[in-house]
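Throw the hints in and build the complete structure from the sequences for me.
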Amino acid sequence: MERVHIDYCEYKGKMVLVMIDAYSKKIWTRCMMSDTTTYKTLAVLFGWFCEEAGFPTTLVSDNGPQFTSKEFEEKLSKWGVKHILTPPYHPASNGLAERAVGVVKDKLKKM
Numbered sequence: 001m002e003r004v005h006i007d008y009c010e011y012k013g014k015m016v017l018v019m020i021d022a023y024s025k026k027i028w029t030r031c032m033m034s035d036t037t038t039y040k041t042l043a044v045l046f047g048w049f050c051e052e053a054g055f056p057t058t059l060v061s062d063n064g065p066q067f068t069s070k071e072f073e074e075k076l077s078k079w080g081v082k083h084i085l086t087p088p089y090h091p092a093s094n095g096l097a098e099r100a101v102g103v104v105k106d107k108l109k110k111m
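Each step along the sequence shown adds one to the number in full-length UniProt numbering, with nothing skipped, and position 91 is 91.
These are computed hints drawn from the structure, not numbers from a lab. Keep in mind that a hint or two might mislead.
With a straight-line Cα cutoff of 20 Å, these simulated SDA-like cross-link-like pairs (lysine to any residue) come out [unchecked claim]:
#1 Lys82 - Gly47
#2 Lys109 - Thr29
#3 Lys78 - Val103
#4 Lys40 - Gly13
#5 Lys40 - Thr68
#6 Lys75 - Asn63
#7 Lys105 - Thr29
#8 Lys107 - Ser24
#9 Lys14 - Gly64
#10 Lys110 - Tyr11
#11 Lys109 - Ser93
#12 Lys105 - Glu10
#13 Lys40 - Asn63
#14 Lys12 - Cys31
#15 Lys26 - Ser93
#16 Lys14 - Ile27
#17 Lys78 - Phe55
#18 Lys78 - Arg3
#19 Lys78 - Ser34
#20 Lys12 - Thr29
#21 Lys12 - Thr36
#22 Lys26 - Lys75
#23 Lys70 - Tyr39
#24 Lys70 - Lys82
#25 Lys26 - Val104
#26 Lys110 - Cys31
#27 Lys14 - Arg30
#28 Lys107 - Arg3
#29 Lys14 - Lys107
#30 Lys109 - Ser34
#31 Lys75 - Met1
#32 Lys78 - Gly47
#33 Lys25 - Thr68
As structure tokens, then:
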């Protein structure tokens, strides 16, 4: 897996972690309830996600606090994952993740 885009979205009071592979466009989601801490994000990303999909070489995210923490950057560096932060206040820079969030919300509304 080369490049993965990642973002959070809120749905009915719960936070959902949304990840999408830039090549295959496959989307992975995980309900985080309200816990979007760096620790929980890393646990899901490099526990469940990498076990299922493998380590990405590049991770693209916005500037959310869980993605910009020192702990998050250290873990990515340790695992050899290049982290690209999109410019602040410019969600279109992470358009792939933003579109995936829209798809996920649409699917959740239909359930």
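Against the structure, the hints come out as follows:
Proposed proximity of Lys82 and Gly47 is supported: the alpha carbons are some 18 Å apart, at most 20 Å. A distance of roughly 15 Å separates the Cα atoms of Lys109 and Thr29; the hinted pair therefore holds under the 20 Å criterion. Our distance criterion of 20 Å between C-alpha atoms is broken by Lys78 and Val103, whose separation comes to about 32 Å. Taken as a hint, the Lys40 and Gly13 pair is honoured in the structure, with Cα atoms around 17 Å apart against an allowance of 20 Å.
Restraint check for Lys40 and Thr68: the C-alpha separation of about 14 Å stays at or below 20 Å, so the hint holds. Annotation: proposed proximity of Lys75 to Asn63 holds, straight-line Cα distance about 16 Å (limit 20 Å). A threshold of 20 Å between alpha carbons decides the hint, and for Lys105 with Thr29 the separation of about 11 Å falls inside it, so the pair holds. A threshold of 20 Å between alpha carbons decides the hint, and for Lys107 with Ser24 the separation of about 19 Å falls inside it, so the pair holds.
Proposed proximity of Lys14 and Gly64 is supported: the alpha carbons are some 17 Å apart, at most 20 Å. Between Lys110 and Tyr11 the CA atoms are separated by roughly 13 Å; this keeps the pair inside 20 Å, and the hint holds. Pair hint Lys109 plus Ser93 does not hold up; C-alpha atoms about 26 Å apart against a cutoff of 20 Å. Restraint check for Lys105 and Glu10: the C-alpha separation of about 9 Å stays at or below 20 Å, so the hint holds.
A C-alpha spacing of about 17 Å is found between Lys40 and Asn63, which places the hinted pair at or below 20 Å, so the restraint holds. The hinted pair formed by Lys12 and Cys31 meets the criterion: a straight-line CA distance of about 11 Å does not exceed 20 Å. With a C-alpha separation of about 19 Å, the suggested pair Lys26 and Ser93 falls inside the 20 Å cut-off, and the hint holds. Pair hint Lys14 plus Ile27 holds up; C-alpha atoms about 18 Å apart against a cutoff of 20 Å.
Using a Cα cut-off of 20 Å, the hinted pair Lys78 and Phe55 holds, with the two alpha carbons roughly 12 Å apart. Restraint check for Lys78 and Arg3: satisfied, since their Cα atoms lie roughly 17 Å apart, inside the 20 Å limit. With a C-alpha separation of about 27 Å, the suggested pair Lys78 and Ser34 falls outside the 20 Å cut-off, and the hint is violated. Distance check on the hinted pair: Lys12 and Thr29 sit about 15 Å apart at the alpha-carbon level, within 20 Å; holds.
A distance of roughly 15 Å separates the Cα atoms of Lys12 and Thr36; the hinted pair therefore holds under the 20 Å criterion. Proposed proximity of Lys26 and Lys75 is contradicted: the alpha carbons are some 24 Å apart, above 20 Å. With a C-alpha separation of about 11 Å, the suggested pairing of Lys70 with Tyr39 holds against the 20 Å cut-off. Between Lys70 and Lys82 the alpha-carbon distance is near 14 Å, which keeps this suggested pair within the 20 Å criterion.
The hinted pair formed by Lys26 and Val104 meets the criterion: a straight-line CA distance of about 12 Å does not exceed 20 Å. Of the pairs offered as hints, the one joining Lys110 and Cys31 holds, with about 17 Å between alpha carbons and a cut-off of 20 Å not exceeded. Proposed proximity of Lys14 and Arg30 is supported: the alpha carbons are some 11 Å apart, at most 20 Å. Taking the CA atoms of Lys107 and Arg3, the gap is about 24 Å. The hint is violated against a cut of 20 Å.
Straight-line distance between C-alpha atoms of Lys14 and Lys107 comes to about 15 Å, which keeps the hinted pair within the 20 Å bound. For the hint pairing Lys109 with Ser34, the CA-to-CA distance comes to about 19 Å; that is within 20 Å, so the pair holds. For a cut-off of 20 Å, the pair hint linking Lys75 to Met1 stands: about 18 Å separates their Cα positions. Simply put, Lys78 and Gly47 have alpha-carbon atoms about 15 Å apart, close enough for the 20 Å limit, and the pair holds.
Taken as a hint, the Lys25 and Thr68 pair is broken in the structure, with Cα atoms around 24 Å apart against an allowance of 20 Å.
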